[in-house]
Structures are given as C-alpha cells and as structure tokens.
Amino acid sequence: MLYSEEFFREVRSPLAPGGIFVEWNVGWGTAQTFQSVFPYVTQLSINQDLSVLVGSDHPIDFNREALLSKLKNPDVINFLQNAEVDVEALRQDILSTSFTQYSQSQDGQPKTVTTDLFPRSEYYLNKPLFAD
538 MLYSEEFFRE VRSPLAPGGI FVEWNVGWGT AQTFQSVFPY VTQLSINQDL
588 SVLVGSDHPI DFNREALLSK LKNPDVINFL QNAEVDVEAL RQDILSTSFT
638 QYSQSQDGQP KTVTTDLFPR SEYYLNKPLF AD
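Residues 538 to 669 (the numbering used here) are what the sequence shown spells out, left to right.
Bear in mind the hints are in silico, worked out from the structure with no lab data behind them. Even glycine gets a Cβ: it sits at the ideal position worked out from N, Cα and C. No false leads were slipped in.
Quick list of the computed label-pair ranges, beta carbon to beta carbon:
no. : residue 1 : residue 2 : range
1   : N600      : E547      : 27 to 33 Å
2   : G556      : F616      : 19 to 25 Å
3   : D623      : W561      : 17 to 23 Å
Could you put together the complete structure from these sequences and hints?
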C-alpha cells in the first residue's frame with residue numbers, strides 16, 4: 538500500500554541526509570501517517586483539489602520568491618516547455634500555494650496512522666463505492 542507507515546519507512550530509509558520525499562496527499566490519514574515517519578513535513582496546498590506532502594529529516598523552507606526567480610531562468614523555462622509544462626500556469630500555482638509546516642519535535646507524533654494491516658485511508662476512500 539502506497540500510503541502506509543511501512544511504505545513511508547521504506548522510502549525514507551535510503552534517503553541521503555537532507556533528502557526529500559514528495560507524496561500526493563490523497564485524503565484521510567495520509568498526512569498523519571506521513572508525519573509519523575518524517576520528522577519534518579511541509580504540506581503544500583496548490584488549490585482546493587491538490588495538496589502534496591514534502592517530508593525530510595530537516596526543516597523544509599518553502600521559498601516562493603526563490604521558485605519564482607527560477608522561472609525567469611531561460612534554461613529552466615526551456616526545460617519546462619520541453620516537458621510540456623505550462624510555465625505561466627506553474628507561476629500562478631506557486632503564487633497561490635499555501636503551506637503548513639509540521640515537526641515531530643514541536644507537534645508530537647500523530648495518534649492514528651495507516652498501516653498495511655489497518656489501511657484506514659483505503660477503507661474510507663472506497664467505502665462510498667459499496668454503500669447501499
């Protein structure tokens with residue numbers, strides 16, 4: 538399962554010091570489970586339908602100005618355009634993104650997490666499909 542505590546531990550273990558892991562915040566329980574494994578988490582809410590989690594062993598600085606500055610670099614623009622990324626839409630997403638930071642040392646450990654044996658997020662995500 539790609540949102541379980543066990544999975545997040547697997548992806549964290551080979552990360553170099555200061556490395557990051559990024560995951561789509563799929564819904565109930567994902568953030569809590571992610572926070573139980575990564576000491577520092579930044580949640581980026583790009584719009585009401587898209588939220589991503591960035592986890593690391595060190596605080597993560599979301600620097601909007603630095604990102605916008607990179608989008609002025611011709612090499613970056615060329616790379617993004619070759620990947621068929623709409624640079625102006627990306628710029629607008631960066632401007633509108635809100636972020637929340639979490640750290641285990643300040644906020645404590647989440648009490649409820651999703652595990653391989655107790656896949657809460659999958660249960661609640663799929664439950665409406667089987668309602669009477």
